[in-house]
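Numbering of the sequence shown is given in the working numbering, commencing with residue 557 and proceeding in unit increments.
Note that these hints are calculated values from the structure, not bench results. Backbone N, C-alpha and C define an ideal beta-carbon position, used for all residues, glycine too. Take these hints with a grain of salt, some might be off.
Unchecked claim - The following label-pair restraints were derived from C-beta to C-beta distances:
| hint | residue 1 | residue 2 | range |
| --- | --- | --- | --- |
| 1 | His-632 | Pro-596 | 16 to 26 Å |
| 2 | Gly-660 | Asp-608 | 37 to 47 Å |
| 3 | Val-571 | Ser-592 | 13 to 23 Å |
| 4 | Leu-593 | Gly-660 | 13 to 23 Å |
| 5 | Pro-560 | Gly-660 | 32 to 42 Å |
| 6 | Asn-559 | Gln-657 | 32 to 42 Å |
| 7 | Gln-653 | Arg-580 | 34 to 44 Å |
As the list claims (entries may be wrong) - No more than 20 Å apart at the CA atoms, straight line, and that leaves these computed lysine to any residue pairs for SDA-like:
| hint | residue 1 | residue 2 |
| --- | --- | --- |
| 8 | Lys-643 | Ser-654 |
| 9 | Lys-582 | Val-605 |
| 10 | Lys-643 | Ala-627 |
| 11 | Lys-582 | Gln-567 |
| 12 | Lys-643 | Val-615 |
| 13 | Lys-582 | Ile-636 |
| 14 | Lys-643 | Ile-587 |
| 15 | Lys-643 | Gly-660 |
| 16 | Lys-643 | Thr-613 |
| 17 | Lys-643 | Gly-624 |
| 18 | Lys-582 | Asn-604 |
| 19 | Lys-582 | Gln-653 |
| 20 | Lys-582 | His-614 |
| 21 | Lys-582 | Ile-562 |
| 22 | Lys-582 | Asp-608 |
| 23 | Lys-643 | Leu-602 |
| 24 | Lys-643 | His-614 |
| 25 | Lys-643 | Gln-653 |
| 26 | Lys-582 | Gly-569 |
| 27 | Lys-582 | Pro-560 |
| 28 | Lys-582 | Tyr-609 |
| 29 | Lys-643 | Leu-617 |
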Amino acid sequence: MPNPTIIDTHQFGRVRAGAAYYLRGKRHALIETGTSLSAPHIVRALPNVELDYIFVTHVHLDHAGGAGELASRYQHVTVIVHPRGAKHLIDPTRLVQSVRQATG
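Let the sequences and hints guide you as you build the complete structure.
As structure tokens, this is what we get:
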């Protein structure tokens, strides 16, 4: 198994507050995406890389919020998510509402 490269996602605008993990082998994979605001940091960290897979461990916005943005950027990528989470990646409205309720 290849050693992962840790990518700082600049979660919540802070350095080292969150991370994505890049795996390079026969195929290129990313584990976690951070928020949608993390996507540009990930793209900059992976110049000249075409991702094959994005794995999200769960659909909380701080772990998977950038999946849509990255899937648009890497057009041939396959996003791997638990079947129950897939609908939330397609339409994150309920997730966003729950975060707003929890944080005010």
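Comparing the hints with the structure gives:
Range check, His-632 to Pro-596: Cβ separation about 20 Å, and the 16 to 26 Å hint holds. Roughly 39 Å separates the CB atoms of Gly-660 and Asp-608, a value that falls within the hinted 37 to 47 Å. For Val-571 paired with Ser-592, a C-beta distance near 18 Å keeps the hint of 13 to 23 Å intact. Remark: the range hint 13 to 23 Å for Leu-593 to Gly-660 is upheld by a beta-carbon distance near 19 Å.
For Pro-560 and Gly-660, the Cβ-Cβ distance of about 35 Å falls inside the hinted range of 32 to 42 Å, so the restraint holds. In this structure, Asn-559 and Gln-657 meet the distance hint of 32 to 42 Å, their C-beta atoms being roughly 40 Å apart. Hint check: Gln-653 to Arg-580, Cβ distance near 37 Å, so the stated range 34 to 44 Å holds. For the proposed pair Lys-643 and Ser-654, the alpha carbon gap of about 15 Å is at most 20 Å, so the pair holds.
Proximity of Lys-582 to Val-605 is assessed by CA-CA distance (about 12 Å); at most 20 Å being required, the pair is judged to hold. Restraint check for Lys-643 and Ala-627: the C-alpha separation of about 15 Å stays at or below 20 Å, so the hint holds. Taking the CA atoms of Lys-582 and Gln-567, the gap is about 29 Å. The hint is violated against a cut of 20 Å. This hinted pair checks out: Lys-643 and Val-615 have alpha carbons roughly 10 Å apart, not beyond 20 Å.
Among the hinted pairs, Lys-582 with Ile-636 is consistent with the structure: their alpha-carbon atoms are about 17 Å apart, no more than 20 Å. Straight-line distance between C-alpha atoms of Lys-643 and Ile-587 comes to about 19 Å, which keeps the hinted pair within the 20 Å bound. This hinted pair does not check out: Lys-643 and Gly-660 have alpha carbons roughly 24 Å apart, beyond 20 Å. Taken as a hint, the Lys-643 and Thr-613 pair is honoured in the structure, with Cα atoms around 15 Å apart against an allowance of 20 Å.
The hinted pair formed by Lys-643 and Gly-624 meets the criterion: a straight-line CA distance of about 12 Å does not exceed 20 Å. Between Lys-582 and Asn-604, the direct Cα distance comes to roughly 15 Å. Compliance with the 20 Å bound is thereby established for this hinted pair. Among the hinted pairs, Lys-582 with Gln-653 is inconsistent with the structure: their alpha-carbon atoms are about 39 Å apart, more than 20 Å. Pair hint Lys-582 plus His-614 does not hold up; C-alpha atoms about 25 Å apart against a cutoff of 20 Å.
With a CA separation close to 19 Å, the supplied pair Lys-582 and Ile-562 stays within the 20 Å bound. About 10 Å separates the Cα atoms of Lys-582 and Asp-608, which keeps this hinted pair within 20 Å; it holds. Annotation: proposed proximity of Lys-643 to Leu-602 is violated, straight-line Cα distance about 28 Å (limit 20 Å). Distance hint between Lys-643 and His-614 is fulfilled; the C-alpha atoms sit about 12 Å from each other, no more than 20 Å.
With a C-alpha separation of about 15 Å, the suggested pair Lys-643 and Gln-653 falls inside the 20 Å cut-off, and the hint holds. For a cut-off of 20 Å, the pair hint linking Lys-582 to Gly-569 is broken: about 33 Å separates their Cα positions. Taking the CA atoms of Lys-582 and Pro-560, the gap is near 14 Å; set against the 20 Å cutoff, the hint holds. For the hint pairing Lys-582 with Tyr-609, the CA-to-CA distance comes to about 12 Å; that is within 20 Å, so the pair holds.
A C-alpha spacing of about 13 Å is found between Lys-643 and Leu-617, which places the hinted pair at or below 20 Å, so the restraint holds.
In summary, the numbered hints that this structure violates are 11, 15, 19, 20, 23, 26.
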